[in-house]
Amino acid sequence: EELVPQCFFTNNYFLPRYHAHVEYSGDPARFRREQADGLLQGLDASEAGELLAELERERRRRLGEKEASLQRAQRFALEYRRLHPDIFTLRESFLTPEFRALAAAAKEACERGGSSRGDYAARDKGRLFDMRVIRRYPQQIYSFRMFEDEFCRKMVDEVRSLQASPLPKGRPNSMNNYGVLLREVGFYRNFLNPLLQHYLQPLCAVLFPVSSLPNYRHLPRSGPDEELLRLDHHRSFVVSYQDGADVDLAYHYDDSEVTLNLSLGTEFEDGGELLFGGLAENFAGDAAANSAHLSRRAVVHQRGVAVLHRGRHMHEAAPIEGGERHNLIMWMRSSELRTRQCPMCSRSTCSLIPM
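With our numbering as the guide, the letters of the sequence shown map in order to residues 450 to 804.
Warning: the hint list may mix true and false statements.
Said to hold, decoys possible - With a straight-line Cα cutoff of 16 angstroms, these simulated EDC-like cross-link-like pairs (lysine to aspartate or glutamate) come out: (1) K574 <-> E676; (2) K618 <-> D535; (3) K515 <-> E451; (4) K515 <-> E560; (5) K603 <-> E528; (6) K574 <-> E599; (7) K618 <-> E528; (8) K574 <-> E560; (9) K603 <-> E676.
Hints in this document: simulated from the structure, not taken from any laboratory.
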């Protein structure tokens with residue numbers, strides 16, 4: 450089950466033509482007042498009407514998304530014939546030996562109870578780095594080989610088959626138009642949920658103590674144990690980029706505490722890199738407002754290699770010049786932290802709702 454903050458229905462509406470995220474409560478008159486000197490400035494009546502109609506369509510989609518998603522999932526369960534049934538259940542053979550060893554070391558560190566000692570993060574993080582499996586980038590961006598090539602090829606085959614199906618599909622998120630919602634097609638229970646619980650949760654607990662998450666580091670903590678990040682749910686999907694569809698992704702941050710971005714392939718020409726800027730807390734709506742957002746650090750995709758980063762670390766996907774690529778995305782979340790402060794609206798009173 451996915452959990453979304455209550456503000457999901459009013460916040461973070463993306464308008465691709467304007468490369469802007471806005472709030473919309475369903476009250477056009479209020480939006481016109483609030484944006485008179487902002488987004489609506491310079492638009493004629495027809496353009497403003499089209500913008501408001503776009504926001505209203507998205508609001509109605511969000512309000513009906515829970516029921517629509519359930520209906521789509523039921524149809525896929527009944528009508529879709531899986532191309533590779535074996536990949537819907539996680540097997541150790543799908544994972545590279547080096548990633549299995551990395552996750553095992555992280556799990557051992559968590560089970561030792563190191564979180565109750567002040568040197569937990571530094572000591573155990575150092576041990577993981579000593580394994581020479583993780584490639585480190587500045588600002589807590591990490592990458593490592595995670596999945597074997599055979600699994601990636603089968604997963605791409607399945608994604609193509611799912612996309613070719615005439616069954617109705619939901620959008621991966623408000624910014625990507627092409628891809629697959631993995632909950633709706635049966636990848637959660639036996640694949641992604643155990644992947645999070647047994648492999649990614651302990652790894653993230655070592656690599657990302659709570660104090661490293663910019664929107665939570667100010668929260669009062671009663672002891673070192675509250676430095677331990679506990680990821681207990683996720684939203685996961687595959688995004689697809691190719692000519693005639695999505696070819697890039699605008700600058701943004703994720704609705705996650707930690708994001709996993711796994712390249713599944715396939716062949717694509719120049720471009721497509723992940724370009725990281727600064728943290729969302731330092732972003733004033735214009736990259737020029739803060740030096741951290743003026744430049745980008747590129748991380749190149751390779752099949753089977755995962756990139757792990759904080760959700761609040763703003764990034765974009767450079768346009769591909771040709772071919773296609775598919776990426777599996779996991780927005781990993783902590784209900785423990787989100788009930789204390791919503792990462793999207795920053796309120797402590799924004800409750801989590803099953804979606």
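Tell me, which hint numbers fail for this structure?
-> 2, 4, 5, 6 and 9
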